[in-house]
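Participant: If you want the building blocks of each chain, they are given just below.
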Amino acid sequence: MKNKVIYLDNNATTQVDSQVVEAMLPFFTEKYGNASSMHSFGGNIGKDIRNARSQVASLLGARPDEIYFVSCGTEGDNSAIFSSVLTQPEKRHVITSAVEHSAVVATMNELKRRGYDVTVLGVDERGQISLDELRNAIREDTALISMMWANNETGTIFPIEEISAIAEEHGIQFHTDAVQAVGKMPINLKELKGIDYLVCSGHKLHAPKGIGVLYVRKGVRYKPYIIGGHQEYGKRAGTENTPYIIAMGVAAQLAQENLEKEQTEVAALRDMLEKELIARIPDSRINGDTVHRLPNTTNISFKNVEGEAILLLLDGHGICASSGSACTSGSLESSHVLRAMGVPFEYAHGSIRFSLSRYTTKEDIEKVIEVMPGIISRLREISPFKK
Amino acid sequence: MWEYTDKVKEYFVNPRNIGALQDANAIGEVGSLSCGDALKLYLKIEDGVIVDASFETFGCASAIASSSALTEMIKGMKVEDAEKVTNQDIATFLGGLPKEKLHCSVMGAEALEAAIRNYKGLPPIEHEEEGKIICYCFNVSEETIRKAIEVNNLQTLEDVIQATKAGGGCKGCHDSIIDILDDMNGNGRVDQRNAVQTMQKIMMAMYKGFIQSLPRQDAVEILSVEGNIVRVNIHLPKEKKADALRELEALLQKEVDSNIVVKEVLL
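So the protein lines, in turn, are chains A and B.
Residue numbering for the first sequence follows numbering that gives the first Met the number 0, beginning at 0 and increasing consecutively.
Residue numbering for the second sequence follows numbering that gives the first Met the number 0, beginning at 0 and increasing consecutively.
Keep in mind that the hints were calculated from the coordinates and are not lab data.
Since the model is a prediction, treat every value here as computed from it, not as a measurement.
By construction, the Cβ of each residue, glycine as well, lies at the ideal position given by its N, Cα and C atoms.
Do not rely on the hints blindly, as some may be mistaken.
Capping the alpha-carbon separation at 20 Å, the derived lysine to any residue pairs in SDA-like fashion look like this [what the hints assert, rightly or not]:
#	chain 1	residue 1	chain 2	residue 2
1	B	Lys170	A	Ser101
2	A	Lys385	B	Glu28
3	B	Lys43	B	Asp80
4	A	Lys274	A	Arg284
5	A	Lys385	B	Ala23
6	B	Lys200	B	Asp178
7	B	Lys131	B	Leu180
8	B	Lys170	A	Ala339
9	A	Lys302	B	Ser33
10	A	Lys385	B	Ser33
11	A	Lys385	B	Ser31
12	A	Lys385	B	Ile26
13	B	Lys239	B	Ile221
14	A	Lys385	B	Leu32
Here's a subset of chain B near chain A, in silico, CB distances under 10 Å, partners left out [what the hints assert, rightly or not]:
#	residue
15	Leu38
16	Ile63
17	Gly167
Next comes chain A alone, as it looks inside the complex (with noise of 0.2 Å):
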């Protein structure tokens, strides 16, 4: 008998809102014209992918013309920091933070190998950063501060707010991997005037993947990553992706309806999960800034298990969730994020974190919330690891 599956891994990728397919699927077949053209037949699509650059536009309180669309949240991310750093040749150095995804951690390495210096802040046990930390790296020839809004593995927020401040104040641009954040909170760009470039992407809120978005504040000097035609104001060559844009549109405004949902419902179910699993299951922790976190994740840890086997018992369950343990990532370490948090080992092994999402029900956590104690307790019997 197969599972009907419980999908909280929605940090990974999420399911494609129905609208939003609808949406899009006449792009492939009846309309599926060049915008560049002459004829009516394809230059009418400029105007479908004007309204979708309004609706990212307006979840992110941004201006349309500082909205470019990207194949997906890894290339905003390398098309922001090279643009930062290739327009502001005399400077050579840039900050980022310990905890960032691995576009913009190889896009730093990158960096280094090209002779930047690179100061990495570390962060607490909560996997925050230090304000003062961050002042004190500012140098003169500091190019770019570079920080994501939202830990895709732990769901702490970064003070976004005070960080572009601190940059603005220093004439230093400011690029936010925002992958994580758009969508599962309000973000309004026009009050956040040091933040020069903003990175999100389509598949983490309900549109397929192969979009992102890169908003460049208007003003701030560009040179593209990718060159060629002059689609996106010439930011950003290559074909309108057409179909793709159209979904990032309507997942844009999909997601700006149900920010308030996020914000309450999907927060409380998260709650509960985590409430209940914390009560029910000795010796296990939460991972990360419990008050200031995204709506949808809880990081929990449980002590002497290993990541890799709890997710493959829960699978057998039909539940979708991940691990920052050292089996599952193919590398030998534990997340590079739990370990710069100083999670002890006992527990950094055992991390599970379950992102959920609008679609998630009460059921789908009740499930969990019962077959959770049983595997841990399971896996602990088998453990020479007995306390």
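Position chain B relative to chain A; hints supplied.
Facilitator: What follows is chain B alone, placed relative to chain A:
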């Protein structure tokens, strides 16, 4: 997601022989919490035969499956035969393991070895006698690495990391692991990591009389050292070139590496 065989899944979901064995007379413990996996193997041995075996494992699915498979494999086995069980045997029993998970089977083989030593009254393998620790992140000894290379025919640094975990943390021991690989699988390869060092050895060898025997000191220029090929430029009359080349090659083969080939580059 890892691609586990049905047998791995079966031994993970329904592991055999879980828990401490009350009347065990041999116990082998390997791994640690910090490493991310650990195995405690219990054996009951009577008249040189393993009559019962059980395990306790902290680790991922393949670690649990490998441990359980091991206990099934060795039950009823003579101790002398059990001593010959390798990690490859465990992997084979399970229908194979993803190469990233080979270290789970290595842990099984190590626990078995430790348990048998315990039975024989031998002290636990101390790293002093086992050879020095190479990887401090995961506490892996040179002996463990050498054994894994031999049993599994490992070829690359990546292979060693996946089989033993050595080198999977801070990466500080990568050079040492490559040295061990070079030592064991030499196959005529010259150490390529340190061309400068090789160059120094070549220069020292050349100054033991060879250079002095030439009509002028700069008659032989070393242009590059790549692998076992040393490229030179020779400023000598045609009839003397061949002799000089042969002489230099013999010298370097004797003093630096027996696989060196000297080639003349015509500029």
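Participant: Evaluate each hint against the coordinates.
Facilitator: Hints versus structure:
At most 20 Å may separate the alpha-carbon atoms for a hinted pair to count; Lys170 (chain B) and Ser101 (chain A) meet this at roughly 19 Å. Between Lys385 (chain A) and Glu28 (chain B) the CA atoms are separated by roughly 15 Å; this keeps the pair inside 20 Å, and the hint holds. In summary, the hint linking Lys43 (chain B) to Asp80 (chain B) is supported, as the alpha carbons are separated by about 15 Å, within the 20 Å threshold. Between Lys274 (chain A) and Arg284 (chain A) the CA atoms are separated by roughly 10 Å; this keeps the pair inside 20 Å, and the hint holds.
Among the hinted pairs, Lys385 (chain A) with Ala23 (chain B) is consistent with the structure: their alpha-carbon atoms are about 19 Å apart, no more than 20 Å. Restraint check for Lys200 (chain B) and Asp178 (chain B): the C-alpha separation of about 17 Å stays at or below 20 Å, so the hint holds. For the proposed pair Lys131 (chain B) and Leu180 (chain B), the alpha carbon gap of about 16 Å is at most 20 Å, so the pair holds. A hinted pair counts as satisfied when its Cα atoms are at most 20 Å apart, and Lys170 (chain B) with Ala339 (chain A) qualifies at roughly 18 Å.
A distance of roughly 12 Å separates the Cα atoms of Lys302 (chain A) and Ser33 (chain B); the hinted pair therefore holds under the 20 Å criterion. Using a Cα cut-off of 20 Å, the hinted pair Lys385 (chain A) and Ser33 (chain B) holds, with the two alpha carbons roughly 15 Å apart. Among the hinted pairs, Lys385 (chain A) with Ser31 (chain B) is consistent with the structure: their alpha-carbon atoms are about 13 Å apart, no more than 20 Å. Between Lys385 (chain A) and Ile26 (chain B) the CA atoms are separated by roughly 17 Å; this keeps the pair inside 20 Å, and the hint holds.
With a C-alpha separation of about 17 Å, the suggested pair Lys239 (chain B) and Ile221 (chain B) falls inside the 20 Å cut-off, and the hint holds. Between Lys385 (chain A) and Leu32 (chain B) the alpha-carbon distance is near 12 Å, which keeps this suggested pair within the 20 Å criterion. Residue-level restraint check for Leu38 (chain B) holds (minimum Cβ-Cβ distance to chain A is 7 Å; threshold 10 Å). The restraint placing Ile63 (chain B) at the interface with chain A holds, with a minimum CB-CB distance near 6 Å, inside the 10 Å limit.
Restraint check, Gly167 (chain B) versus chain A: the minimum CB separation of about 3 Å is within 10 Å; hint holds.
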